[in-house]
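> These are the residues of each chain, in order.
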Amino acid sequence: MKKLSLKYILLFRSFSFSNWFILAILVIGVLAPFLANDKPIISIQNHNISFPFFSNEKYLENTAAFEVWPLIPYHSQSLDFKNMNSVGPFEEQVVPSLYYRHWLGTDELGRDLLAGLIHGCHTAIWVGFGAMAIALIIGVFLGGIAGYFGDSTYRIHKAKWISCLAFLLLTALFIPNLIPWNWAEIPFIEKATQTILFTMLFLFLSAVLYFILNRFQAYKKSISIPVDLIISRCIEIMETIPLLFLIIALSAIFSPSYWSLIGIIGISSWTSIAKFMRAEVLKIRQKDYVESGFALGLSNIQIMKNHVLPNALNPIYINLSFGIAAAILIEATLSFLGLGMGVEQVSWGSILASSRADYTSWWLAVYPGVLLFLTLYSLNQIGDKLSK
Amino acid sequence: MLQYLLKRIALFIPTLLLLSLLVFGLSKMSTGDPIQVLLEDFKSNQSTINVEQENKIIQEIKVKYGLDKPAFYFAIRRSSDIQNYCSIENPRTNKNFNQLAYSYGNGEKTAAFYRAILQGYVQKEKEQTLDLLVLKQDAEEIEQLLNIIDNENITSAWLDLKNNKTRYANYIPHVQWNGFNNQYHQWLTNVLKGNLGQSYFDNKPIATKIKDALEWTLILSLISIFVALLIAIPAGVYAATHENSKTDQFLSKLFFVFYSIPNFWLASLLLVFFTSNEYFNWFPGYGVGDISNANSLWEIILIRVQHLFLPVFIWTYGSIAFVFKQVRNSMIQQWNSDYVKTAKAKGLKQQTIVWKHAFRNASFPLITIVGNILPAIFSGSFIIEYIFSIPGMGMLTIQAFNTRDYPVLFSIILIMGFLTVLGLLITDVLYAWNDPRIKLKKSFN
Numbered sequence: 477m478k479k480l481s482l483k484y485i486l487l488f489r490s491f492s493f494s495n496w497f498i499l500a501i502l503v504i505g506v507l508a509p510f511l512a513n514d515k516p517i518i519s520i521q522n523h524n525i526s527f528p529f530f531s532n533e534k535y536l537e538n539t540a541a542f543e544v545w546p547l548i549p550y551h552s553q554s555l556d557f558k559n560m561n562s563v564g565p566f567e568e569q570v571v572p573s574l575y576y577r578h579w580l581g582t583d584e585l586g587r588d589l590l591a592g593l594i595h596g597c598h599t600a601i602w603v604g605f606g607a608m609a610i611a612l613i614i615g616v617f618l619g620g621i622a623g624y625f626g627d628s629t630y631r632i633h634k635a636k637w638i639s640c641l642a643f644l645l646l647t648a649l650f651i652p653n654l655i656p657w658n659w660a661e662i663p664f665i666e667k668a669t670q671t672i673l674f675t676m677l678f679l680f681l682s683a684v685l686y687f688i689l690n691r692f693q694a695y696k697k698s699i700s701i702p703v704d705l706i707i708s709r710c711i712e713i714m715e716t717i718p719l720l721f722l723i724i725a726l727s728a729i730f731s732p733s734y735w736s737l738i739g740i741i742g743i744s745s746w747t748s749i750a751k752f753m754r755a756e757v758l759k760i761r762q763k764d765y766v767e768s769g770f771a772l773g774l775s776n777i778q779i780m781k782n783h784v785l786p787n788a789l790n791p792i793y794i795n796l797s798f799g800i801a802a803a804i805l806i807e808a809t810l811s812f813l814g815l816g817m818g819v820e821q822v823s824w825g826s827i828l829a830s831s832r833a834d835y836t837s838w839w840l841a842v843y844p845g846v847l848l849f850l851t852l853y854s855l856n857q858i859g860d861k862l863s864k
Numbered sequence: 010m011l012q013y014l015l016k017r018i019a020l021f022i023p024t025l026l027l028l029s030l031l032v033f034g035l036s037k038m039s040t041g042d043p044i045q046v047l048l049e050d051f052k053s054n055q056s057t058i059n060v061e062q063e064n065k066i067i068q069e070i071k072v073k074y075g076l077d078k079p080a081f082y083f084a085i086r087r088s089s090d091i092q093n094y095c096s097i098e099n100p101r102t103n104k105n106f107n108q109l110a111y112s113y114g115n116g117e118k119t120a121a122f123y124r125a126i127l128q129g130y131v132q133k134e135k136e137q138t139l140d141l142l143v144l145k146q147d148a149e150e151i152e153q154l155l156n157i158i159d160n161e162n163i164t165s166a167w168l169d170l171k172n173n174k175t176r177y178a179n180y181i182p183h184v185q186w187n188g189f190n191n192q193y194h195q196w197l198t199n200v201l202k203g204n205l206g207q208s209y210f211d212n213k214p215i216a217t218k219i220k221d222a223l224e225w226t227l228i229l230s231l232i233s234i235f236v237a238l239l240i241a242i243p244a245g246v247y248a249a250t251h252e253n254s255k256t257d258q259f260l261s262k263l264f265f266v267f268y269s270i271p272n273f274w275l276a277s278l279l280l281v282f283f284t285s286n287e288y289f290n291w292f293p294g295y296g297v298g299d300i301s302n303a304n305s306l307w308e309i310i311l312i313r314v315q316h317l318f319l320p321v322f323i324w325t326y327g328s329i330a331f332v333f334k335q336v337r338n339s340m341i342q343q344w345n346s347d348y349v350k351t352a353k354a355k356g357l358k359q360q361t362i363v364w365k366h367a368f369r370n371a372s373f374p375l376i377t378i379v380g381n382i383l384p385a386i387f388s389g390s391f392i393i394e395y396i397f398s399i400p401g402m403g404m405l406t407i408q409a410f411n412t413r414d415y416p417v418l419f420s421i422i423l424i425m426g427f428l429t430v431l432g433l434l435i436t437d438v439l440y441a442w443n444d445p446r447i448k449l450k451k452s453f454n
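Chains C and A supply the protein sequences, listed in that same order.
The number in the working numbering is simply the position in the first sequence, starting from 1, with 476 added.
The number in the working numbering is simply the position in the second sequence, starting from 1, with 9 added.
There's no promise every hint is true.
Calculated cross-link-like contacts (lysine-lysine; reagent style DSS-like; alpha-carbon spacing at most 30 Å) [what the hints assert, rightly or not]:
1. Lys759/C x Lys16/A
2. Lys763/C x Lys861/C
3. Lys255/A x Lys861/C
4. Lys37/A x Lys667/C
5. Lys667/C x Lys171/A
6. Lys667/C x Lys174/A
7. Lys16/A x Lys634/C
Hint data in this document are derived by calculation from the structure and do not stem from the laboratory.
Can you make the complete structure from the sequences, with help from the hints?
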């Protein structure tokens with residue numbers, strides 16, 4: 477296994493097609509609004525410089541003396557009424573000049589395919605990286621503490637444990653039920669204040685409970701918490717529901733939008749990272765340097781932060797590229813099924829779905845599909861290469 | 010062994026119980042009130058109806074689907090919540106009365122006000138003004154309307170509410186114990202008896218719907234696993250025994266490319282090129298084929314193979330790549346070990362060494378792999394059934410999701426979860442039974 481470091485990435489060691497391709501997708505995805513948009517980036521009109529690109533107002537065409545336009549003068553959502561009903565890339569198009577040509581054709585509503593693909597890159601990288609970031613945070617944390625503490629090493633005073641449990645139980649049961657988070661009419665400040673007040677109240681109550689319990693000898697004993705057992709059980713429950721079914725169930729709760737889809741994919745795919753992390757930490761836990769850390773009297777947090785985490789994370793990073801590929805595939809699949817993030821957010825999957833409507837416009841099926849395939853292939857290839 | 014089996018089964022039960030809680034919780038949290046959907050159906054038959062008539066219809070719907078009971082064993086609410094005092098379940102007025110109770114901090118008086126308004130409907134007076142009243146929150150607007158209605162009961166109930174503002178009650182929790190007569194308890198006992206309830210969409214029993222759908226999904230997934238193993242094992246073994254040869258490199262590359270092809274893309278391409286008249290019309294485009302009694306067995310097989318060839322191919326190629334990689338890796342490990350070298354030195358036949366010695370040891374992880382691809386195969390059913398219009402679980406799920414038919418949707422998720430847990434249980438037990446070296450102590454993780 478190669479050591480994955482910033483130096484390794486920056487030096488572009490063994491940079492092959494896959495790495496260049498992903499780099500290109502990243503750049504295009506980040507710059508998507510600048511590359512394909514129906515507003516000029518800079519416009520000089522009567523000695524006034526304006527940036528129509530950054531304003532939400534509709535841009536009136538042909539009034540400015542000097543304009544800087546994006547590379548593609550179409551947004552993924554802009555309709556070209558002159559080129560409706562799926563005009564192919566090699567067919568004759570009704571455009572004022574070559575600059576306005578639809579290089580990859582249009583769809584049924586006259587939307588430019590190239591602009592759609594570029595904005596699709598934006599969606600794909602946000603979903604891929606965003607969802608994996610969420611999965612990484614949850615997975616590393618839960619897997620890490622499960623592997624580190626195991627079933628018997630985490631010992632805690634009985635009184636502390638009971639009051640902690642009481643606090644968690646109170647918060648989990650009362651806060652969602654008492655605070656009207658789903659009412660938009662009530663100002664956010666009021667809801668936030670209530671949440672904080674209640675949390676403080678529960679904190680106070682459990683602190684009181686701790687001091688009361690601590691007076692009894694029976695509660696001063698320390699007991700071990702089966703951290704590993706609890707977390708493993710959670711992972712098992714999550715894994716019993718096939719991923720797509722779980723995501724569909726979750727999208728029935730959080731109506732799918734751009735951000736909620738990232739969250740949904742993130743919270744349903746942390747289990748594999750957690751399992752990986754747990755196994756890795758279990759291995760590291762047995763190492764001599766961790767033992768000597770204990771012998772030196774270092775605290776759990778010091779050992780975890782300085783010794784376990786840096787060593788355990790390396791293989792996780794390598795597996796991330798598989799995870800990103802999986803997240804991108806899930807998003808495309810959902811959009812293809814029409815369960816994705818709604819009409820205004822274009823994605824490769826939603827373009828592919830539109831190709832199902834008519835068989836003759838091959839460009840709608842081939843270009844986004846090839847792009848999706850190459851992205852997944854490159855990510856898998858990078859993961860494969862790093863793990864060797 | 011028996012101890013391990015019992016331990017595994019003992020862990021299986023709480024997992025299922027938690028799964029049922031999770032599924033029930035998810036179904037209760039889902040947006041898009043199913044009652045609203047059903048109400049629209051009822052309403053389309055009638056012209057305008059007032060709130061009180063609507064309440065009656067809603068009550069009927071709730072009794073029919075067992076939704077009139079409290080949801081869970083206990084409920085935690087604000088003590089100012091109107092639902093502590095009466096049940097309001099009309100989506101038209103719910104939000105307004107909830108907020109009224111919140112802003113006055115008095116659930117009891119709001120409930121009295123609500124009941125007085127309903128009573129007003131019964132007296133058949135100024136129903137349209139009442140319909141306006143149930144949507145108002147502002148005190149002045151309410152009083153204007155009350156002047157028009159001129160009903161003593163409603164006005165006094167309103168004044169009672171207005172003069173008893175207890176906003177502190179919003180901060181006092183109220184725990185209500187509902188006993189065993191609740192929706193979750195009822196649902197769980199019914200599920201254990203094998204009764205999953207009925208669909209909102211067509212009122213058919215969910216168990217029958219799922220049984221019909223599951224048949225196709227199981228048939229297809231079993232065929233797919235079988236085909237995948239049939240191709241991947243020989244290929245993987247060959248690639249491992251001829252490591253780094255041209256064939257090995259070719260197969261590895263090929264399956265790697267296969268693994269990255271999105272299945273729904275390939276499926277729709279194949280559908281375009283092999284089922285439409287414009288290109289090659291080799292396979293039927295959708296469904297599983299109609300079979301009448303007149304068909305002979307041979308014809309039935311032919312029809313089914315024709316219809317299922319493309320779906321099974323799409324379903325399989327991803328798993329082939331995965332299984333191939335695993336078989337190759339574990340076989341390479343065995344192939345470089347000492348006992349294989351000994352066997353070679355003894356002059357045993359290549360075939361014997363490969364299949365009798367090395368593969369037997371390399372096959373242990375395969376059992377787990379089959380268990381692991383089970384959820385993936387179920388998820389795969391989604392896309393393939395959707396594209397090829399096969400009436401399986403994936404198709405049913407999409408239908409249920411789109412029609413907001415939550416009892417069906419969440420029953421499917423429960424069944425899928427159950428099947429996956431069962432699959433994992435069986436693979437674990439088989440693994441332990443097959444490989445005596447396994448440490449039984451920690452293996453349930």
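> All hints, please: hold or fail.
Status of the hints after comparison with the structure:
1. At roughly 25 Å between alpha-carbon atoms, Lys759/C and Lys16/A fall within 30 Å of each other, so this suggested pair holds.
2. Proposed proximity of Lys763/C and Lys861/C is supported: the alpha carbons are some 27 Å apart, at most 30 Å.
3. The straight-line distance between the Cα atoms of Lys255/A and Lys861/C is roughly 19 Å, inside the 30 Å bound, and the hint therefore holds.
4. Between Lys37/A and Lys667/C the CA atoms are separated by roughly 23 Å; this keeps the pair inside 30 Å, and the hint holds.
5. As the CA atoms of Lys667/C and Lys171/A are separated by approximately 24 Å, the hinted pair is consistent with the 30 Å bound.
6. Of the supplied pair hints, the one linking Lys667/C and Lys174/A holds, its CA atoms being roughly 20 Å apart against a limit of 30 Å.
7. Between the alpha carbons of Lys16/A and Lys634/C the distance comes to roughly 28 Å, so the proposed pair stays at or under 30 Å and holds.
Hint compliance for this structure: every hint is met.
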